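Heads up: the protein sequence lines correspond to chains X and Z, in order.
Numbered as in this note's numbering, the first sequence ends at 355 without a single skipped number.
Numbered as in this note's numbering, the second sequence ends at 436 without a single skipped number.
Calculated from the structure, these hints are not laboratory results.
There may be inaccurate statements among the hints.
Chain Z regions said to be covered by chain X (calculated; three or more residues, Cβ under 8 Å) [to be verified]:
{"#": "1", "region": "121 to 129"}
{"#": "2", "region": "139 to 145"}
{"#": "3", "region": "296 to 309"}
{"#": "4", "region": "329 to 339"}
Derived DSSO-like pairs (lysine-lysine); straight-line CA-CA distance at most 30 Å [unchecked claim]:
{"#": "5", "chain 1": "Z", "residue 1": "Lys115", "chain 2": "X", "residue 2": "Lys78"}
{"#": "6", "chain 1": "Z", "residue 1": "Lys374", "chain 2": "X", "residue 2": "Lys78"}
{"#": "7", "chain 1": "Z", "residue 1": "Lys336", "chain 2": "X", "residue 2": "Lys191"}
{"#": "8", "chain 1": "X", "residue 1": "Lys50", "chain 2": "Z", "residue 2": "Lys198"}
Only some residues are given here: those of chain X computed to face chain Z with a beta carbon under 10 Å [claimed, not checked]:
{"#": "9", "residue": "Trp9"}
{"#": "10", "residue": "Tyr13"}
{"#": "11", "residue": "Leu46"}
{"#": "12", "residue": "Asp49"}
{"#": "13", "residue": "Lys50"}
{"#": "14", "residue": "Pro85"}
{"#": "15", "residue": "Met132"}
{"#": "16", "residue": "Gly152"}
{"#": "17", "residue": "Pro169"}
{"#": "18", "residue": "Arg172"}
{"#": "19", "residue": "Gly193"}
{"#": "20", "residue": "Val225"}
{"#": "21", "residue": "Leu315"}
Please read these numbers as outputs of a predicted model, since none were measured by experiment.
A virtual CB, placed ideally from N, CA and C, is assigned to each residue, including glycine.
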Amino acid sequence: MPWTKIYASRTEFEKALKDSPGLRGITYKEAIREATAQLLSADKSVFVIGEGVDDSGGVFGTTKGLQEEFGKDRVMDSPLAENGITGVCVGAAAAGMKPILVHMRTDFLPISLDQIVNHAAKWHYMFGGLLNIPLVIRSIIGRGWGSAAQHSQSLQAMFMNIPGLRVIMPATPYDAKGLLIAAVKDGNPVIMIEHRWLYDHMGHVPEEMYEVPLGKAAVRKTGKDVSIIAVSHMVHEAVQSAEALQEEGIDAEVIDLRTLKPLDTGTIVESVRKTGRLIVADTGWKECGAGAEVMAKVAEAGITLKAPLVRINLPEAPTPASPVLEKAYYPGKDDIIEAAKKTTGHGKR
Amino acid sequence: MKDILQKYGLNTLTKKILLDLYKSMLKIRMFEEKIVELYPEQEMKCPVHLCIGQEAIAAGVCQHLHKGDYVFSNHRGHGHCLAKGTKMRPLMAEFYGKATGCSGGKGGSMHIIDVENGILGTSAIVGGGIPMGVGAALASSLKGEDSVTAIFFGDGAFDEGAFYESFNFATLKRLPVVFVCENNFYATNSHQSARQSGCRIFESAASFDARGHCVDGNDALAVYKAAQDAVQLARKGVGPSLIEAKTYRWKGHVGPDEDWTKGCRPKEELDYWKEQCPVKRFTELLMDKGALTSAEVEDLKLAITAEIIDAVEFARKSAYPETSALLADVYREANK
Numbered sequence: 007m008p009w010t011k012i013y014a015s016r017t018e019f020e021k022a023l024k025d026s027p028g029l030r031g032i033t034y035k036e037a038i039r040e041a042t043a044q045l046l047s048a049d050k051s052v053f054v055i056g057e058g059v060d061d062s063g064g065v066f067g068t069t070k071g072l073q074e075e076f077g078k079d080r081v082m083d084s085p086l087a088e089n090g091i092t093g094v095c096v097g098a099a100a101a102g103m104k105p106i107l108v109h110m111r112t113d114f115l116p117i118s119l120d121q122i123v124n125h126a127a128k129w130h131y132m133f134g135g136l137l138n139i140p141l142v143i144r145s146i147i148g149r150g151w152g153s154a155a156q157h158s159q160s161l162q163a164m165f166m167n168i169p170g171l172r173v174i175m176p177a178t179p180y181d182a183k184g185l186l187i188a189a190v191k192d193g194n195p196v197i198m199i200e201h202r203w204l205y206d207h208m209g210h211v212p213e214e215m216y217e218v219p220l221g222k223a224a225v226r227k228t229g230k231d232v233s234i235i236a237v238s239h240m241v242h243e244a245v246q247s248a249e250a251l252q253e254e255g256i257d258a259e260v261i262d263l264r265t266l267k268p269l270d271t272g273t274i275v276e277s278v279r280k281t282g283r284l285i286v287a288d289t290g291w292k293e294c295g296a297g298a299e300v301m302a303k304v305a306e307a308g309i310t311l312k313a314p315l316v317r318i319n320l321p322e323a324p325t326p327a328s329p330v331l332e333k334a335y336y337p338g339k340d341d342i343i344e345a346a347k348k349t350t351g352h353g354k355r
Numbered sequence: 101m102k103d104i105l106q107k108y109g110l111n112t113l114t115k116k117i118l119l120d121l122y123k124s125m126l127k128i129r130m131f132e133e134k135i136v137e138l139y140p141e142q143e144m145k146c147p148v149h150l151c152i153g154q155e156a157i158a159a160g161v162c163q164h165l166h167k168g169d170y171v172f173s174n175h176r177g178h179g180h181c182l183a184k185g186t187k188m189r190p191l192m193a194e195f196y197g198k199a200t201g202c203s204g205g206k207g208g209s210m211h212i213i214d215v216e217n218g219i220l221g222t223s224a225i226v227g228g229g230i231p232m233g234v235g236a237a238l239a240s241s242l243k244g245e246d247s248v249t250a251i252f253f254g255d256g257a258f259d260e261g262a263f264y265e266s267f268n269f270a271t272l273k274r275l276p277v278v279f280v281c282e283n284n285f286y287a288t289n290s291h292q293s294a295r296q297s298g299c300r301i302f303e304s305a306a307s308f309d310a311r312g313h314c315v316d317g318n319d320a321l322a323v324y325k326a327a328q329d330a331v332q333l334a335r336k337g338v339g340p341s342l343i344e345a346k347t348y349r350w351k352g353h354v355g356p357d358e359d360w361t362k363g364c365r366p367k368e369e370l371d372y373w374k375e376q377c378p379v380k381r382f383t384e385l386l387m388d389k390g391a392l393t394s395a396e397v398e399d400l401k402l403a404i405t406a407e408i409i410d411a412v413e414f415a416r417k418s419a420y421p422e423t424s425a426l427l428a429d430v431y432r433e434a435n436k
């Protein structure tokens with residue numbers, strides 16, 4: 007499948023594109039914009055709302071020009087009232103609409119936790135399944151250029167803890183489009199967390215509407231020595247580290263979780279059972295994080311590992327602004343390589 | 101009666117509407133009193149927030165709403181739902197935790213739903229239902245429907261940011277909403293004056309270029325008239341209104357008892373407000389003016405009692421949910 011392949015660099019992708027003239031290549035942000043436009047065209051109950059969705063930049067290009075195309079009723083700017091507007095979306099969803107609420111930063115989600123956690127997540131269960139809340143909340147993780155502590159958080163684990171929510175974190179343009187379409191059609195509240203550094207990443211994306219099923223991970227590279235299970239931007243770091251490890255004779259398997267809630271336990275367990283070694287690379291913090299949950303699933307499956315598992319996460323501190331501290335803050339492919347070498351050094355390969 | 105109606109600007113009000121309004125209030129009062137009576141049996145295993153003393157507001161507002169209009173209520177919501185047309189059986193069964201309850205026994209008394217009558221679920225987070233109500237109004241506006249949404253909340257919710265965020269959005273988009281603040285002066289046991297500097301809730305509407313109106317919430321006709329104006333404006337597309345209806349809850353924040361015994365509020369205050377009983381005042385007015393006879397009152401009471409008894413019987417006889425329902429409906433399953 008051309009869609010599942012992740013290219014280490016833009017040059018490599020462009021070369022592949024030249025070799026397959028039947029395939030189209032677009033960026034992650036264009037894929038989100040295209041999915042949104044197609045959803046707006048296909049379903050009158052879909053509307054887009056968020057701070058600045060109609061501005062000239064269009065939320066880093068993901069909503070650019072949509073208001074001109076679909077009108078102010080379908081694509082609307084919002085007051086700076088994150089909790090209130092989330093509640094407006096929950097109410098509109100209860101009354102039959104399918105809102106897509108957009109936040110420029112994931113850091114704005116904690117302002118709206120009451121409506122997400124106490125309302126959206128509860129409505130279907132609390133009323134015996136009589137009403138569902140088809141609501142997609144998009145948010146973007148920032149990184150770099152001194153984004154600092156309030157414009158860079160990866161808060162997926164907070165939402166993984168809440169029954170009634172789904173959490174998706176696409177890593178490729180193909181998945182960004184397919185998961186967004188699937189999320190809007192899913193009929194449940196879905197938290198979609200994007201990563202700013204993925205926005206210019208290119209990949210093959212079909213022009214027509216398609217869905218990537220929620221709850222299914224993707225194996226980005228098969229391997230037998232160690233399972234590297236990664237999330238969002240860390241999938242790209244993992245793919246690059248796997249290529250480097252291959253040259254050193256370590257055959258790593260890379261799994262892109264794509265959906266964090268529900269987790270694809272089957273794919274995780276199958277991979278770790280095969281390799282016996284596990285590294286989880288997440289964009290968020292360690293304690294009670296996505297990685298911790300992956301490891302719990304592996305432990306519950308009763309798998310005996312050949313070496314201690316490794317979690318690659320942010321250090322337990324808020325994001326600093328200074329470039330020197332910022333560089334020290336974020337783990338990347340070198341950390342994954344080091345972890346893989348360490349873990350494979352423990353057992354037989 | 102004509103002179104009175106003229107005073108309220110309700111010249112064209114028919115006797116049927118007067119009696120419907122009266123019946124609605126009486127129904128709420130008697131329903132809540134039945135809960136007071138039965139609650140000590142401990143068969144209703146959920147908290148109950150009673151609205152005795154506040155009946156005129158739910159009744160006066162909901163008289164103007166159509167079946168398809170939306171109502172967003174709150175934890176003290178039995179009256180709103182009854183006034184909007186919710187049947188007693190699914191309500192009572194929900195309080196008893198039964199599978200036949202409006203929420204299948206998963207919500208309890210704070211989480212009432214009645215989709216058919218425009219009640220799309222009730223939040224027990226103070227102020228939580230306000231943005232949702234505005235969202236329902238946005239949905240009807242986007243769909244081009246002419247429905248109106250009434251949102252009931254207390255003076256406690258006026259403390260919450262959710263109110264301001266929602267009110268601003270509703271006025272900005274001129275959404276068909278009536279914000280009804282039932283000001284009973286207490287958030288649990290905290291008096292309004294301990295929580296708010298101005299204590300003029302309705303005046304806040306002005307800064308949003310919306311209409312704010314303060315009424316005696318224990319005067320059924322005053323509430324009826326204020327709601328009539330607000331609902332008409334909303335339905336015409338003029339935009340939202342804020343009605344502040346001053347009232348008093350007779351029972352404690354939660355449960356069937358009066359709370360002055362625990363020192364929560366002064367007894368003299370309760371005594372004063374009991375004199376202002378909305379049901380008593382409306383009964384006396386209607387009877388004084390010859391619009392209602394004792395025989396009619398008795399007939400109404402008999403009919404309501406029968407409905408309540410039937411609902412209690414239904415609730416008691418209904419089965420509890422199967423434990424297999426525990427994990428059902430956390431998510432909407434595909435293609436359901």
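Against the structure, the hints:
1. 121 to 129: n = 0 at 8 Å, threshold three: violated.
2. 139 to 145: This one is violated; 0 residues, fewer than the three required, reach chain X with a Cβ under 8 Å.
3. 296 to 309: Our answer is that it is violated, as 0 residues pass the Cβ test (under 8 Å) against chain X, missing three.
4. 329 to 339: Contact hint for the region 329 to 339 of chain Z vs chain X: violated, 0 residues under 8 Å.
5. Z:Lys115 x X:Lys78: 46 Å, violated
6. Z:Lys374 x X:Lys78: With a Cα-Cα distance of about 51 Å, the restraint between Lys374 of chain Z and Lys78 of chain X is violated, given a limit of 30 Å.
7. Z:Lys336 x X:Lys191: 34 Å, violated
8. X:Lys50 x Z:Lys198: 38 Å, violated
9. Trp9: This interface hint is violated because 22 Å lies over the 10 Å limit.
10. Tyr13: Violated, because the Cβ-Cβ distance from Tyr13 of chain X to chain Z comes to roughly 32 Å (cut-off 10 Å).
11. Leu46: Not OK, violated: Leu46 of chain X not within 10 Å of chain Z, min 12 Å.
12. Asp49: 12 Å, violated
13. Lys50: Hint on Lys50 of chain X: holds, closest Cβ of chain Z at ~8 Å, below 10 Å.
14. Pro85: At about 6 Å, which falls below the 10 Å cut-off, the nearest Cβ of chain Z leaves the hint on Pro85 of chain X intact, so it holds.
15. Met132: 5 Å, holds
16. Gly152: 29 Å, violated
17. Pro169: Because about 5 Å separates Pro169 of chain X from the closest Cβ in chain Z, which is inside the 10 Å limit, the hint holds.
18. Arg172: Holds, because the Cβ-Cβ distance from Arg172 of chain X to chain Z comes to roughly 8 Å (cut-off 10 Å).
19. Gly193: With a minimum Cβ separation of about 4 Å from chain Z (threshold 10 Å), the hint on Gly193 of chain X holds.
20. Val225: 24 Å, violated
21. Leu315: 29 Å, violated
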